[in-house]
Amino acid sequence: MKGYPPGSIWPAGDTKSEQIREVYSRYGLAMYQAQVLEHGMVNAVIFARMLPTMREHKDRSAWEEAFDRAYDIELAKTFGNMLRALEPLGLHPDLLGRLRTAKVERDRLAHSFFREHDEDFLNRSGRTRMIVECEDAIERFSAIDTELEEAMRPQREKYGITEEWVDRQLAAALEHARAKD
369 MKGYPPGSIW PAGDTKSEQI REVYSRYGLA MYQAQVLEHG MVNAVIFARM LPTMREHKDR
429 SAWEEAFDRA YDIELAKTFG NMLRALEPLG LHPDLLGRLR TAKVERDRLA HSFFREHDED
489 FLNRSGRTRM IVECEDAIER FSAIDTELEE AMRPQREKYG ITEEWVDRQL AAALEHARAK
549 D
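Numbering follows the numbering used here, with no gaps: position 71 of the sequence shown is 439.
Accuracy of the hints is not assured; some may be wrong.
Mimicking BS3-like on lysine-lysine, the simulated pairs with C-alpha atoms at most 30 Å apart in a straight line are [to be verified]: (1) Lys526 to Lys445; (2) Lys426 to Lys526; (3) Lys445 to Lys471; (4) Lys426 to Lys445.
No lab work stands behind these hints, which were simulated from the structure alone.
Full structure from sequences and hints, please.
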């Protein structure tokens, strides 16, 4: 914000400012969790389509290039197109239904949330409703992502991407991030 050093936290000297900051914070976290779900959807498609093709490439480098291209293509898709790419994978119909509902909710958050809550934003109880709505969205997006990840677990593990492998990759990424701090 203007007048504050880069990276500083927006000061909130009163409860109204604190609550407004919480609305923005929870909204941001809801949109973040929607993006995490989108990446989970891309991962599912990549696991299903690319992992079985590993042996078809002349070497690991060629496969990694093909993998990276496929990943970029999937990430460029809209949520709806990502969802359509998931449909042929044989996921449980209930999960596909929750993913469709998540798409509608994500689109609403992205395109009309603040417009729909224009008057709510002007009073304490309205801002509280906005915060609760965002918290509910965070939980739903996270639960659906967890369910999708669990549904894809057998496919991942078939190609050696076990929980232990994921944990090692995460630990390495965290170490790399800490080194930059």
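These are the hints, each one checked on the structure:
{"no.": "1", "hint": "Lys526 to Lys445", "result": "27 Å, holds"}
{"no.": "2", "hint": "Lys426 to Lys526", "result": "21 Å, holds"}
{"no.": "3", "hint": "Lys445 to Lys471", "result": "13 Å, holds"}
{"no.": "4", "hint": "Lys426 to Lys445", "result": "28 Å, holds"}
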